[in-house]
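Novice: The lines below spell out each chain.
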Amino acid sequence: MRRFKRFLYTLQEYSLLVGGVFRNAESVRYIKETLEEMYLIGAQSVPLVFLGGLFIGIILALEVGHRFESFGAKTMVGRTVSLGMIRELGPVVSGLLLAARVGAKNASELGAMKLSEQIDALRAFGSNPVTTLVVPRTIAALLIFLPLALIADMSGILGGMTVADLSLHIDRAFFWNAAVYGLQMKDLIVGFAKPVVFGFFIATISCFCGLSTSGGTAGLGRSTIDAVVTSSLVVLFLDFIFTKVVWEIL
Amino acid sequence: MGNPLIQLQNVSVAINDAIILEDVSLSFRKGETSVILGPSGAGKSSILKVILGLWKPDSGKVLIDAMDIVPLSEDAMLPFRRRMAMVFQGNALFDSMTVGENIAYFLREHYLIDENEIHSRVEESLTIVNLEGKGRLYPEELSNGMKKRVAIARAVAFHPEVILYDEPTTGLDPLNARTINDLILKLQRQGTTSVIVTHLLKDAFLVGKAFFIIESGRIVAAGSADELLSSTDPFVKEFLEDMRQVRLAS
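Protein chains in written order, with our numbering: chain A, 1 to 250; chain B, 251 to 500.
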């Protein structure tokens, strides 16, 4: 019962933080901080999502290629890889990788600021930590997660195409045509909406964990772990919701 | 003798069932340097956090110029926070900013003056703490004593009416401690109201005019230096024993 109460309290505090983000979202004062965050979580994450997407695309092409080959449906590989990458694996893999990278970064930075009383100092100087720290990180994540997911999508499809050519002897042009023309508008809508939603939740959850840090360096470790684990689980849960609900609506 | 600028009336604070402050009543007069003495963990720093509105008391009133700040929102607290500055125990310098940016933070955040004036105010504040030309350094490049002086420079930069010092000389070598005490006395002569929290008796009696002793969240004695040194309260006698010996020896 006590755990449940604590969970509800945490949910309430998180909701208040999200409310604060929406109330202060129009604040464009911290454009420099937002651009810095975009660079830190965006440009520096490109190799990570590129490689993540590439390997997933290669594995997907190999797995489905060999299965499809056994009943003569090898030509479906391009379409399956592109659909899998755009709708599911691109957003989810980039989401999980970014949950680890961005989640750990936000939670440890804000947690360290909390422990060293910098958050109190901000408030003492009349600044709202949500406006100065959480909003720039959230806006940066909203803007940068989609391009990163697209990089994962493209590297996955290109990796799958290369492996399909070398290992399964599927012509690259044929693979590409099947990959591109097999996609429908709703696949693109789902695939492009997911990273934006994931970005919002990863940023706000990790900032919340950081701002809730207490208990010294051990507490900082705990809040960083909480940020990464919770963000990753939320990515998977939201992916399920998207797949189920959006598939039925669209 | 000035009028009470800050008053705490029957303030109690508890965190996770632990009583931090219990029925604390204090008043700090305008232009006076007041010192809150007490052993570690007695609740000294909590009083400063309550005065700044960083902590909301569970009961009681915090009056600034006779206005109760307890019910005020963060935004409504801003006019009061513009009048007060705090020197945090761990300095709480923003480690992503240079010394100059730290000192200019409040002025920039609230658009109080133009950039040229901010620049000269930063230089003026650095001169006050004998750190001319150190504005481009980052906090990590400074010694503990220098960090404390930067924290004081940041506090005086916007010319606050009240400066709250949390253990300003704790952990400093005698030379740096003397520099900080001299700074406090200098600001005192300029009419700044100061509230100092410390457990270092020598420093406290050097700069203080009015004294409060706190133990386990309760104020156990208040008065001038002579009144406290002649107190018959067993805890006060024991706590001030070293100081009494120094007085007797001199």
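Since the hints were derived computationally from the structure, they do not count as laboratory data.
A hint or two may mislead.
[Claimed, not checked] Restraint ranges, calculated between C-beta atoms of paired labels, are given here: (1) A:180 <-> B:326: 54 to 60 Å; (2) B:484 <-> A:26: 35 to 41 Å; (3) A:11 <-> B:435: 36 to 42 Å; (4) A:13 <-> B:347: 25 to 31 Å; (5) B:347 <-> A:67: 54 to 60 Å; (6) B:421 <-> A:44: 53 to 59 Å; (7) B:309 <-> A:12: 19 to 25 Å; (8) A:147 <-> B:390: 28 to 34 Å; (9) A:13 <-> B:383: 30 to 36 Å; (10) B:345 <-> A:174: 51 to 57 Å.
[Said to hold, decoys possible] Think about it this way: if two alpha-carbon atoms lie no more than 27 Å apart in a straight line, the pair counts; the simulated BS3-like pairs of lysine-lysine are: (11) B:384 <-> B:280; (12) A:114 <-> B:384; (13) B:384 <-> B:436; (14) B:452 <-> B:280; (15) B:397 <-> A:32; (16) A:186 <-> A:74; (17) A:32 <-> B:452; (18) A:5 <-> B:452; (19) B:397 <-> A:114; (20) B:487 <-> B:452; (21) B:459 <-> B:487; (22) B:280 <-> B:459; (23) B:397 <-> B:384; (24) B:280 <-> B:306; (25) A:114 <-> B:452; (26) A:244 <-> A:186; (27) A:114 <-> A:5; (28) B:452 <-> B:397.
All C-beta atoms, glycine included, are put in the ideal place defined by N, C-alpha and C.
Novice: A separate judgement is required for each hint: does it hold in the structure or not?
Specialist: For each hint, the structure was consulted:
For the hinted restraint 54 to 60 Å between residue 180 (chain A) and residue 326 (chain B), the CB-CB distance of approximately 57 Å keeps it satisfied. A beta carbon spacing of about 59 Å between residue 484 (chain B) and residue 26 (chain A) contradicts the range 35 to 41 Å that was offered as a hint. In this structure the hint that residue 11 (chain A) and residue 435 (chain B) lie 36 to 42 Å apart at CB is violated, the actual value being about 51 Å. At roughly 28 Å, the beta carbons of residue 13 (chain A) and residue 347 (chain B) sit within the given window of 25 to 31 Å.
Our hint of 54 to 60 Å for residue 347 (chain B) and residue 67 (chain A) holds, since their Cβ atoms are close to 56 Å apart. Between residue 421 (chain B) and residue 44 (chain A) the CB atoms are about 37 Å apart, so this pair departs from the stated range of 53 to 59 Å. Checking the proposed 19 to 25 Å range against residue 309 (chain B) and residue 12 (chain A) shows it holds: the Cβ atoms sit about 23 Å from each other. A beta carbon spacing of about 33 Å between residue 147 (chain A) and residue 390 (chain B) agrees with the range 28 to 34 Å that was offered as a hint.
The hint said 30 to 36 Å for the Cβ distance between residue 13 (chain A) and residue 383 (chain B), and at roughly 44 Å that hint is violated. At roughly 56 Å, the beta-carbon separation of residue 345 (chain B) and residue 174 (chain A) lies within the given 51 to 57 Å, and the hint holds. For the proposed pair residue 384 (chain B) and residue 280 (chain B), the alpha carbon gap of about 33 Å is over 27 Å, so the pair is violated. Using a Cα cut-off of 27 Å, the hinted pair residue 114 (chain A) and residue 384 (chain B) holds, with the two alpha carbons roughly 26 Å apart.
Between residue 384 (chain B) and residue 436 (chain B) the alpha-carbon distance is near 21 Å, which keeps this suggested pair within the 27 Å criterion. Restraint check for residue 452 (chain B) and residue 280 (chain B): the C-alpha separation of about 23 Å stays at or below 27 Å, so the hint holds. With a CA separation close to 26 Å, the supplied pair residue 397 (chain B) and residue 32 (chain A) stays within the 27 Å bound. Straight-line distance between C-alpha atoms of residue 186 (chain A) and residue 74 (chain A) comes to about 25 Å, which keeps the hinted pair within the 27 Å bound.
About 46 Å separates the Cα atoms of residue 32 (chain A) and residue 452 (chain B), which puts this hinted pair outside 27 Å; it is violated. Between the alpha carbons of residue 5 (chain A) and residue 452 (chain B) the distance comes to roughly 48 Å, so the proposed pair goes past 27 Å and is violated. Simply put, residue 397 (chain B) and residue 114 (chain A) have alpha-carbon atoms about 18 Å apart, close enough for the 27 Å limit, and the pair holds. Among the hinted pairs, residue 487 (chain B) with residue 452 (chain B) is consistent with the structure: their alpha-carbon atoms are about 15 Å apart, no more than 27 Å.
Distance restraint check for residue 459 (chain B) and residue 487 (chain B): the Cα-Cα separation of roughly 19 Å lies within the 27 Å cut-off, and the hinted pair is therefore satisfied. Note on residue 280 (chain B) and residue 459 (chain B): the hinted pairing holds, with a Cα-Cα distance of about 12 Å set against a maximum of 27 Å. With a CA separation close to 11 Å, the supplied pair residue 397 (chain B) and residue 384 (chain B) stays within the 27 Å bound. Between the alpha carbons of residue 280 (chain B) and residue 306 (chain B) the distance comes to roughly 23 Å, so the proposed pair stays at or under 27 Å and holds.
At roughly 31 Å between alpha-carbon atoms, residue 114 (chain A) and residue 452 (chain B) are farther apart than 27 Å, so this suggested pair is violated. This hinted pair checks out: residue 244 (chain A) and residue 186 (chain A) have alpha carbons roughly 13 Å apart, not beyond 27 Å. The hinted pair formed by residue 114 (chain A) and residue 5 (chain A) meets the criterion: a straight-line CA distance of about 24 Å does not exceed 27 Å. With a C-alpha separation of about 22 Å, the suggested pairing of residue 452 (chain B) with residue 397 (chain B) holds against the 27 Å cut-off.
Violated hints, in rising order: 2, 3, 6, 9, 11, 17, 18, 25; the structure is consistent with all others.
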